[in-house]
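Could you put together the complete structure from these sequences and hints?
In terms of UniProt numbering, the sequence shown has 83 at position 83, counting the first letter as 1, and numbering is strictly consecutive.
Quick caveat, the hints were computed from the structure, so don't treat them as lab data.
Mixed in with the good hints there might be a few duds.
Stated by the list, open to error - In silico DSBU-like pairs for lysine-lysine, Cα to Cα no more than 35 Å straight-line:
(1) K24 <-> K8
(2) K130 <-> K45
(3) K105 <-> K35
(4) K8 <-> K74
(5) K8 <-> K35
(6) K24 <-> K106
(7) K122 <-> K105
(8) K74 <-> K24
(9) K113 <-> K8
(10) K45 <-> K122
(11) K8 <-> K106
(12) K130 <-> K8
(13) K113 <-> K45
(14) K105 <-> K8
(15) K105 <-> K130
(16) K74 <-> K106
As the list claims (entries may be wrong) - Pair by pair, the computed Cβ-Cβ distance ranges are:
(17) E98 <-> D21: 32 to 38 Å
(18) Q71 <-> G31: 26 to 32 Å
(19) E77 <-> S22: 30 to 36 Å
Just so you know, these numbers come straight off a predicted model, no measurement behind them.
Heads up, the beta-carbon is just placed ideally off N, CA and C, and yes, glycines get one too.
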Amino acid sequence: MLSKGLAKSVLVVDDDEAVLDSMKAVLELAGFDVKTVCDGTEVIKTMGNRRYDVLILDVNMPRIDGVELFQEIKNCEQYRGLPVVFTSGYPVWSEPEEGRREIFKKANAYLQKPFNIDVLMKTVERLAGK
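Structural data, given as structure tokens:
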């Protein structure tokens, strides 16, 4: 396990508190420094305070969804290289809008809920360079 000062940081965004709690617990056990946000409107403010190594972003959220957040984040020069993992309870092919499906392809990974914890860990470790 890495010390807090050396730990890779992960920001997890999901409107489901149970999902946030479980992902935080699993990722922290693996040595990641994890911050969770349950409201998409808080993401940019949260990101402005520090640097993250990986962003895990739920697609379907109230107010501002994961696709809108992804576009906003990727339009900011400082976040363009940030690896993003989309999560959703729906398969990517079920998305009715072609434009949104194309955006999913621009992310580094797409995990359909419920996903295997080992797959989550391997994905985050790979993207964080751990």
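Right, here's what the structure says about each hint:
For the proposed pair K24 and K8, the alpha carbon gap of about 13 Å is at most 35 Å, so the pair holds. Between K130 and K45 the CA atoms are separated by roughly 26 Å; this keeps the pair inside 35 Å, and the hint holds. Between K105 and K35 the alpha-carbon distance is near 25 Å, which keeps this suggested pair within the 35 Å criterion. For a cut-off of 35 Å, the pair hint linking K8 to K74 stands: about 20 Å separates their Cα positions.
Under the criterion of a C-alpha separation no larger than 35 Å, the hint pairing K8 with K35 is consistent with the structure, at around 11 Å. The suggested pairing of K24 with K106 holds, with an alpha-carbon distance near 25 Å, which does not exceed 35 Å. Distance restraint check for K122 and K105: the Cα-Cα separation of roughly 19 Å lies within the 35 Å cut-off, and the hinted pair is therefore satisfied. Restraint check for K74 and K24: satisfied, since their Cα atoms lie roughly 24 Å apart, inside the 35 Å limit.
Restraint check for K113 and K8: satisfied, since their Cα atoms lie roughly 24 Å apart, inside the 35 Å limit. A distance of roughly 28 Å separates the Cα atoms of K45 and K122; the hinted pair therefore holds under the 35 Å criterion. Between K8 and K106 the CA atoms are separated by roughly 22 Å; this keeps the pair inside 35 Å, and the hint holds. Taken as a hint, the K130 and K8 pair is honoured in the structure, with Cα atoms around 8 Å apart against an allowance of 35 Å.
Of the pairs offered as hints, the one joining K113 and K45 holds, with about 27 Å between alpha carbons and a cut-off of 35 Å not exceeded. Of the pairs offered as hints, the one joining K105 and K8 holds, with about 24 Å between alpha carbons and a cut-off of 35 Å not exceeded. Among the hinted pairs, K105 with K130 is consistent with the structure: their alpha-carbon atoms are about 23 Å apart, no more than 35 Å. Distance hint between K74 and K106 is fulfilled; the C-alpha atoms sit about 10 Å from each other, no more than 35 Å.
Distance hint check for E98 and D21: the Cβ-Cβ separation is about 34 Å, which falls inside the suggested range of 32 to 38 Å. The given range of 26 to 32 Å is respected by Q71 and G31, whose C-beta atoms sit roughly 31 Å from each other. At roughly 33 Å, the beta-carbon separation of E77 and S22 lies within the given 30 to 36 Å, and the hint holds.
Every hint from the earlier list agrees with this structure, and none is contradicted.
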